[in-house]
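Generate the whole structure from the sequences, applying the supplied hints.
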Amino acid sequence: DAKTTQPNSMESNEEEPVHLPCNHSTISGTDYIHWYRQLPSQGPEYVIHGLTSNVNNRMASLAIAEDRKSSTLILHRATLRDAAVYYCILIRIGSGDKLTFGTGTRLAVRP
Amino acid sequence: EPEVTQTPSHQVTQMGQEVILRCVPISNHLYFYWYRQILGQKVEFLVSFYNNEISEKSEIFDDQFSVERPDGSNFTLKIRSTKLEDSAMYFCASRQRIQGNEQFFGPGTRLTVL
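Chains as they are written, first to last, in my numbering: chain P, 39 to 149; chain V, 2 to 115.
It is possible that some hints are incorrect.
[What the hints assert, rightly or not] Pair ranges (Cβ atoms, derived):
#1 V:16 x P:90: 20 to 30 Å
#2 V:17 x P:115: 46 to 56 Å
#3 P:131 x V:21: 46 to 56 Å
#4 P:49 x V:79: 38 to 48 Å
#5 V:64 x P:101: 37 to 47 Å
Don't read these hints as lab results, they were simulated from the structure.
C-beta: ideal position from N, C-alpha, C; glycine also.
In structure tokens:
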């Protein structure tokens, strides 16, 4: 499976944008880029996913580099509730879609 | 909004005992998963289930583990003879048929083996 690399931790101020990077230099053409997050003492929660084009939903935006070797999850206005561990995960079409979680990026949000 | 539910929220058991963790996936979902997270560690995939059979399982999912969809709504994980190292949060997840679509996770069951 293609591997992802994320910073261990990041900090943000409340109500400011946050850009969470992910490198996936060995991504293949059939790999979807998924982002999940895990709030303290909760199960993982889907955030967003994409294949080639940038994506927006009510939670976040996903910016995918043209060569697909990296992506950035954008939270437009961080809230205290966004403090969580964010995971960037590649899922290969036809693989059964199991999620392989790394250590993710722990996001702290300062009031 | 539909959600995945899990029971119990916390299960305490003695080593060597059998436990069954229960999950009710979202009703129109077709793919089901179990994951676990030992305290302070990564979330680990255990097993995926589709069309009443296991599609994939990890090395963790040995002969002590089994899964079942006994009726149209429940999805269960059974551990036959629990060990201390089985203590973890166990998460159930489900997704629709569409390839690459998101998985919806339940709140988890905390299993404590004494």
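| field | residue 90 (chain P) and residue 16 (chain V) - C-beta distance against the hinted 20 to 30 Å | value | The hint (20 to 30 Å, Cβ to Cβ) is violated, given that residue 16 (chain V) and residue 90 (chain P) are roughly 50 Å apart.
| Assessment of proposed distance window 38 to 48 Å (beta carbons of residue 49 (chain P), residue 79 (chain V)) | holds (42 Å)
| message | Taking 46 to 56 Å as the stated bounds, is the beta-carbon spacing between residue 17 (chain V) and residue 115 (chain P) within them? | response | holds (51 Å)
| field | Supplied distance hint 46 to 56 Å, evaluated on CB atoms of residue 131 (chain P) and residue 21 (chain V) | value | 33 Å Cβ-Cβ, so the 46 to 56 Å window is violated.
| field | Distance restraint evaluation - residue 64 (chain V), residue 101 (chain P), Cβ atoms, bounds 37 to 47 Å | value | holds (45 Å)
Consistency with the previously given hints fails for numbers 1 and 3, ordered from lowest to highest.
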